[in-house]
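J.: Protein sequence lines correspond, in order, to chains R and U.
Residue numbering for the first sequence is 1 to 405, as defined by our numbering.
Residue numbering for the second sequence is 1001 to 1307, as defined by our numbering.
Careful, some of the hints might be misleading.
[Claimed, not checked] Examples of chain U residues toward chain R, derived with CB under 8 Å: (1) Ala1068; (2) Tyr1071; (3) Ala1095; (4) Thr1097; (5) Leu1098; (6) Thr1161; (7) Gln1164; (8) Ile1170; (9) Pro1171; (10) Thr1177.
[Claimed, not checked] Here are a few chain U residues that sit away from chain R, every Cβ distance over 12 Å (derived from the structure): (11) Leu1041; (12) Arg1042; (13) Cys1051; (14) Tyr1092; (15) Glu1184; (16) Leu1217; (17) Leu1283.
Honestly, the hints are just simulated from the structure, not real lab data.
No residue lacks a Cβ here, since even glycine has one placed at the ideal position from N, Cα and C.
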Amino acid sequence: MPVQQLEGSRAVAEAVALCRPEVVCAYPISPQTHIIEAVGAMVKSGRLTPCEFVNVESEFAAMSVSIGASATGARAYTATASQGLLFMAEAVFNAAGLGLPIVMTVANRAVGAPINIWNDHSDSMALRDAGWVQLFAETNQAAVDLHLLAFRLAEELSVPVMVCMDGFILTHAFEPVELPTQEQVDWFLPRYVPRQELDPEAPITIGAMVGPEAFEEVRYLAHLRLLRALTRVPELASEFETMFGRPLGARPGSAVGGSLVTSYRTEGATTVVVALGSVLGTVKDAVDELRTEGHPIGVVGLTTYRPFPAEALHGAVEGAHRVVVVEKAFGTGGRGFVTDDVAIALRDHDVAVHTIVAGLGGRPISEESLRRVLATAITGDLPAMSFLDLDMGAVTAETRAVRPL
Amino acid sequence: MTLESLKKTPTKGPPPRGESPATAGGTTLPEPPPSAEKRLLRHGMMPHMLCPGCGHGIVFEAMLRALASRYEQLDDVAFVAGIGCSSRVVGYIDACTLHTTHGRPLTFATGLKLARPELKVVVVTGDGDGLSIGGNHLIHAARRNVDLTCVLFNNEIYGMTGGQLAPTTIPGAYTSTSPQGNAESPFDAARLVEAAGATYVARAQSYRTREFEDLFLRALDHKGFSFVEVMTDCTEYFGRTNRLGNGADLLFSQARVEPAIDADLAGRSTLKEVRSTPVRPVLEMGVLHESSRPTLEESMKLSGAGS
Ligand SMILES: Cc1ncc(C[n+]2csc(CCOP(=O)(O)OP(=O)(O)O)c2C)c(N)n1
Ligand code: SF4
Ligand SMILES: [Mg+2]
Chain R
1 MPVQQLEGSR AVAEAVALCR PEVVCAYPIS PQTHIIEAVG AMVKSGRLTP CEFVNVESEF
61 AAMSVSIGAS ATGARAYTAT ASQGLLFMAE AVFNAAGLGL PIVMTVANRA VGAPINIWND
121 HSDSMALRDA GWVQLFAETN QAAVDLHLLA FRLAEELSVP VMVCMDGFIL THAFEPVELP
181 TQEQVDWFLP RYVPRQELDP EAPITIGAMV GPEAFEEVRY LAHLRLLRAL TRVPELASEF
241 ETMFGRPLGA RPGSAVGGSL VTSYRTEGAT TVVVALGSVL GTVKDAVDEL RTEGHPIGVV
301 GLTTYRPFPA EALHGAVEGA HRVVVVEKAF GTGGRGFVTD DVAIALRDHD VAVHTIVAGL
361 GGRPISEESL RRVLATAITG DLPAMSFLDL DMGAVTAETR AVRPL
Chain U
1001 MTLESLKKTP TKGPPPRGES PATAGGTTLP EPPPSAEKRL LRHGMMPHML CPGCGHGIVF
1061 EAMLRALASR YEQLDDVAFV AGIGCSSRVV GYIDACTLHT THGRPLTFAT GLKLARPELK
1121 VVVVTGDGDG LSIGGNHLIH AARRNVDLTC VLFNNEIYGM TGGQLAPTTI PGAYTSTSPQ
1181 GNAESPFDAA RLVEAAGATY VARAQSYRTR EFEDLFLRAL DHKGFSFVEV MTDCTEYFGR
1241 TNRLGNGADL LFSQARVEPA IDADLAGRST LKEVRSTPVR PVLEMGVLHE SSRPTLEESM
1301 KLSGAGS
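Sequences and hints are given; from them, build the entire structure.
T.: As structure tokens, then:
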């Protein structure tokens, strides 16, 4: 498998093409658009035949078309970001409730108002409990690998899967990427055999009303189906490694990958930083420096965020008495979404859980700032919740100008 | 009506890099005198984000000119816009401006108008914003006959996101999501809105700004839902992808489909060779529909309605 220098969007488009989708549709929105333009061009050139590319009038239509296609047994793919993901929300829940194995790329971007096209995780975090599996890519190689895994997992479990990759930081960055061959992918991802499908020869009803007598059971079954991902993801990751000769998500030339969580320098760590997505690269650099200075600190990356890999996290942070979650989104008036998950997962451990909100709306997360704040964690001076590089001067000026709080 | 036919129309190219249009060709043009419409601009927002030659800029300037002829200041006019290069121009007007989500400006504007019926409300939208993701709101605003003016900048493409197929793209045109040429039928926005119940419907072109100004002012005067579709050009994506030349070439392509304009321009050499090869369907311009029925605010008996 030759290593190529590819733009993230291009790499994902190639990965999706290798998965032989049958219906692809999307509505343009930055920073997702390159992906769908590239897949669309491949469809139009005949390379993906039999595959239909549909230009739809909104994200809501994109997800709805995907649902219709998937219900007939076709392999359906779409992509979106930010406002687009929120606009399709009703249909996103619908796809999960119907158990349709749609795969969607989310090129993570902030949510307005105020409108902002840059990266953070507010979009996919807002839909973290819509009943989809959520996977987060650290690198473009991981984004490629996670798409292959996503189709396989979705179709095996009858659940939709969202692959989240940081907008611009990954989608528009050129990185070395190893693309598998079509034979390898065909072996890893067999033809989709739907559990049930709309077929005029044997009519069934999909999506009918369910009353109070059975709704709870339907939801519980969906919960069980989603939880099965916690066992299947690691199993599929080892199958992936056998087939493709490298761990899932490992950069070309590296042997480090991971499926539920990834660990970095956690041996003997008393402080562990938890994060997801591309920021892990910067976090690791900051941790390297702190390790050089002799501090026992490590990193755990969450590759699978929904269902939440509580048990895997337990194991990964064993021995730590402080966990610092670096989050690119937070609930205004509440706290970090990932922090809540981590705190619940570790409730029986004697660990303090901190949140650092960082990188909102594309604010750069510098290694220097991170290292400085993590150093305060080590000395026990980090507050429960803080905001990286927050300009307090601007905040104070504004609160004074508006009215005293 | 083929795109192919327009492709062979290399008129004048843009001036060489580094040379401003004013000095191109060796002649230095004097600075134009400050214009009345400049008083309505938010100067702190300059430079604007529109690409060189973009038709939206021409239409926007004409809008400002029309407004300047009517208003000293825009204190009683509120502007509402969605998301797109077209919608973006509202940010440059020195007035109350409400920037909304993609496709929804008419709904925000309906709320605004019902709360403050005495205000003049102008919605600026694009063909993607108003006909694609927000198409539903467009027909409902027309049906309700809300007393506001909607100006839809139709450049037959989604400009802001990089030139994707719109529901207005002409058949056969190339866009980033129709790499083999558009196979879909476009909307006729003006006729759609008329059928939905709008009481004033007009169509204009960025090529003829004076006529647009008149049609826009008439729309402002109209009581009820008034709609002006203005044909404009995305030079950067529609123009480039279809190899249609620069901003001026695109303007001429608008002119070419109109017999009246054609006659006017008969003496211009750049147009002579291509006069009989329209690319766009011949669209009716001017006031296409005008009628009268109670506005939503009148039916609801809101005080201040109709002022
Ligand atoms: C819900 C949602 N989906 C997609 C987008 C991305 N988007 C921004 S502008 C635009 C298209 C604008 O097209 P148009 O209204 O024709 O304006 P133009 O730029 O052509 O003037 C799109 C798809 C968005 N902002 N929100
Ligand atoms: S992208 Fe197209 S529509 Fe947008 S400003 Fe540039 S030329 Fe105009
Ligand atoms: Mg447009």
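J.: With 12 Å as the threshold, tell me whether cysteine 1051/U passes as away from chain R on beta-carbon distances.
T.: holds (16 Å)
J.: Non-interface claim for leucine 1283/U: all C-beta distances to chain R beyond 12 Å?
T.: holds (22 Å)
J.: Are all beta-carbon distances from glutamate 1184/U to chain R longer than 12 Å?
T.: Non-interface label on glutamate 1184/U violated, nearest chain R Cβ at 7 Å vs cutoff 12 Å.
J.: For the hint on leucine 1098/U, does the least C-beta distance to chain R fall short of 8 Å?
T.: It is violated, given that the least Cβ distance between leucine 1098/U and chain R is near 11 Å, above 8 Å.
J.: Tell me if alanine 1095/U is really an interface residue toward chain R, meaning its C-beta lies closer than 8 Å to one of theirs.
T.: Cβ of alanine 1095/U sits 19 Å from chain R, so the hint is violated.
J.: For the restraint on threonine 1177/U, tell me whether the closest CB of chain R is nearer than 8 Å.
T.: Holds - the Cβ of threonine 1177/U comes within 8 Å of chain R, reaching about 5 Å at its closest.
J.: Can the hint on threonine 1161/U be confirmed by a CB-to-CB distance to chain R that is less than 8 Å?
T.: holds (4 Å)
J.: Going by Cβ atoms only, is glutamine 1164/U closer than 8 Å to chain R?
T.: holds (4 Å)
J.: Holds or violated: the hint that threonine 1097/U contacts chain R, with Cβ atoms closer than 8 Å.
T.: It is violated, given that the least Cβ distance between threonine 1097/U and chain R is near 13 Å, above 8 Å.
J.: Using the nearest Cβ pair, does proline 1171/U come within less than 8 Å of chain R?
T.: violated (13 Å)
J.: Holds or violated: the hint that tyrosine 1071/U contacts chain R, with Cβ atoms closer than 8 Å.
T.: Because about 28 Å separates tyrosine 1071/U from the closest Cβ in chain R, which is outside the 8 Å limit, the hint is violated.
J.: Please verify that hint: alanine 1068/U, Cβ, nearest Cβ of chain R, below 8 Å or not.
T.: Nearest chain R Cβ about 28 Å off; hint violated.
In this structure, the hints that do not hold are numbers 1, 2, 3, 4, 5, 8, 9, 15, in rising order.
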